[in-house]
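Novice: From first to last, the protein sequence lines stand for chains A and B. The first sequence begins at 889 in the numbering used here and counts up one residue at a time. The second sequence begins at 6 in the numbering used here and counts up one residue at a time.
Just so you know, these hints were derived from the structure itself, not from any lab. Possibly wrong hints are sitting among the right ones.
What the hints assert, rightly or not - Computed cross-link-like contacts, DSBU-like style, restricted to lysine-lysine with a CA-CA straight-line distance of at most 35 Å:
1. A:LYS1051 <-> B:LYS145
2. A:LYS1050 <-> B:LYS43
3. A:LYS1051 <-> B:LYS118
4. B:LYS64 <-> B:LYS118
5. A:LYS1051 <-> B:LYS43
6. B:LYS118 <-> A:LYS1008
Claimed, not checked - Okay, the calculated bits of chain A under chain B, using three or more residues with CB under 8 Å as the criterion:
7. 1030 to 1041
8. 1047 to 1054
The C-beta atom is built at its ideal place from N, Cα and C for all residues, glycine as well.
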Amino acid sequence: MVILFGFTLNGFEVLAWENMSILEVAGFYGIEIPTLCFMEGLSPYGGCRLCLVEVGPVGKSRLVTSCTYPAREGIEVRTHSQKVLQQRRMLLELYVAACPSSKWLQDLASKHHVTEVRFKPKGEECILCGRCVRMCREQMMGEAIGYVDRGTQRRITTPFDKKSEDCRLCGGCMYVCPVCQLRCQGPKEESTLCSSCLNLYPPCAEKFEEVMCYMDPCAACELEKG
Amino acid sequence: MKTFCHCNNHYGLENSSIILFMQNIQRNCGYLPEDELKRLADNTGTPLMDIYSIATFYKSFKLEPQGEHTITVCTGTACHLRGSGEVFEEMAAVLGVGSGGGTSEDGKYTLEKVNCLGACALAPLIVIDGHYHGNVTPGKAREMIEEHYK
Ligand code: FES
Ligand code: FES
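Just chain A, with the same shape it has in the complex:
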């Protein structure tokens, strides 16, 4: 038997059933939460923190990762509050600084109006989102890659850094990788931030504290103002 229960999502009452994550419920109601390490068909990992949402009453809320946080009866969730938007932009700034060559990250940054990167670009090749590791295990029945070392040394590789016997060369790991695809300018870009597809920052966030909008890309209000 499925047990249905209600909770508040961005101010309105929604229904969910047990074992649904906030991300799933939000998706069901057409609210888009940006994700990076989450992928349908793979187990949620909760590593990238990009899917942050605010849970709890204003002033007493905390930020949780919606891909791993189960929806519960009566909770109050805000997916696009000022606090969330701010943290998300900060995260994206960090990601772009870590890996400026990734198209995926640049696109996300533009979409969320990241206009500057205040950190030193690192030129990393991996952001440890672990999609490839889970893809290999959970979809390709292989165990060819995994995490090695720990702390700042942590990286993803094959056992003993050699070609793994478990690898069937399916390419699934590259297929799901958010940083393998290079940004449009090619590998030798000059600026850390691409910004070619910069979206507009929702002006309603300042006025209403929360964005509740179905315009994508968001432009209408901005144009009206001008």
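Let chain A serve as the given structure and place chain B with the ligands on it in line with the hints.
Specialist: Below, chain B with the ligands alone, put in the same frame as chain A:
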């Protein structure tokens, strides 16, 4: 070289005993040889990747052959303040290993760093083959090596 196989009976082939197996291999071989880990993976059904992850996660697992004697210099805060840096440099010079530690070419010594051995009152501290020596100076450490471990 002994293999780990005899210890199967001790722990039962459970995924959760994987660390015990690995410790056993290390005890027998001095480090974790690649073939042994492969055999362990086959025998326990644990993915080799997981075993390798564990082996690299814990500092006490070694993937390289170790020297006959292991010299560990504590570089924790207390030891650092009381000059463990110089002790380490001296040791590296005496044992003939690189400035970052490692195993000497003749395979006699392995020099490594740790972050606090939990005996800060004795700082600076070095451990030679499991024996703790407190309040060492570069000179004392050199003497110790030259007298007992040459
Ligand atoms: S998508 Fe939820 S933490 Fe990465
Ligand atoms: S710092 Fe060396 S024992 Fe604690």
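Novice: List, from low to high, the hint numbers that the structure doesn't satisfy.
Specialist: When the structure is compared with the hints, only number 1 turns out to be violated.
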